[in-house]
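Generate the whole structure from the sequences, applying the supplied hints.
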Amino acid sequence: MPNAFSSEEPDNAALTWDIQITLRVLLSEIDVSSLESPPPLYIQVPRQGYLFTVLPKIKPLWQHVLPPEVNGAHTPWFSFNSLPLKWNVPTGILYDLLVPNHGVHPWQLTLRYTGFPSATLGEYLGEASIKSTFRNSLKEASFIARKSAQPVLDMVLEAQNDHWKALGGGGNGGSTDYRKYREIMHSIPLISPNSLDAVPIRVYLRPGNTGNYLSSYEMFSQSSRFAALLAPDGRPNTLGAALAPIIISWLIDHNAWKNDETLHREEESGTGTATAANNEDENEVEAAWAQVDVALAGGIELQPNLILRDLHRDLHSPDFFLYIALHMRPAQR
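Residue numbering for the sequence shown follows the working numbering, beginning at 1498 and increasing consecutively.
There is no bait here: all hints are sound.
So the derived label-pair ranges between C-beta atoms look like this:
hint, residue 1, residue 2, range
1, 1778, 1619, 31 to 41 Å
2, 1511, 1779, 30 to 40 Å
3, 1558, 1729, 52 to 62 Å
4, 1619, 1796, 25 to 35 Å
5, 1556, 1779, 47 to 57 Å
6, 1680, 1539, 23 to 33 Å
7, 1655, 1752, 50 to 60 Å
8, 1680, 1530, 37 to 47 Å
These aren't lab readings, by the way, just hints derived from the structure by calculation.
Glycine residues also receive a C-beta, built at the ideal position from the N, C-alpha and C atoms.
So, in structure tokens, the structure goes:
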């Protein structure tokens, strides 16, 4: 049986696109105009889609209990434990980041039709806002992977619309279509990892002392960058080596990085500089990952020795970024 991230199975991404998250959606009492609140809705949404694309499917089911003014310019939004949910982040990474150890089944969300928190979520002009953000992120990924955004800029309008529909937009109510997505990605051409030197990654770090409730996105850190697919010695780069600089930078910013001076002894003693450098790099990766409680991508717990090329091929999001949620360990006092 092939490994979950083995090159023997080139279409593991199709399995990732099949993964659904079950939602239990409650309508906020503030937006209920009837004497009784409607029962919760149970909906399955794809990890690889965007949460807000499911809104057109929900509103008709609650139309009869919404205040008349909601039918106008009010903008709906979701929250989890009172934290408004980002409309421009794929659903899967939101869940990986906000639900510690995936201990909530189904994922209980509240839906509001009034009081849109623009200060937290930014201006939202409907599905067109998500589509625009997705396109910009795809162009950024193309620039990282191909050193040019031209492959994305050259997409004709029909391909752009089909691309968006494959992600659940354009009236599809959040239902994704991996085969259509893959066909379009091959046509632009962006999705051939064997010809890439680097891939785009987007990492979210959550401090370990936040508990289950989060009051602000300021508690998180985010880093978007390219990650080389080959190590300096020519070997395939690992996830641990790719993320170690991000983790160390975060630990330094939080006064939590304690770099053991013994890491430099071999180099200072003059013995084999190449070996010393490799050992130091490996020790730094190990020390950095020791501060990670759990790393998640696509709902899968990751280990630092996994090959980055395989992970990106199988788990990258529709915008070609590999999204990773790092739950850090509580800082030791």
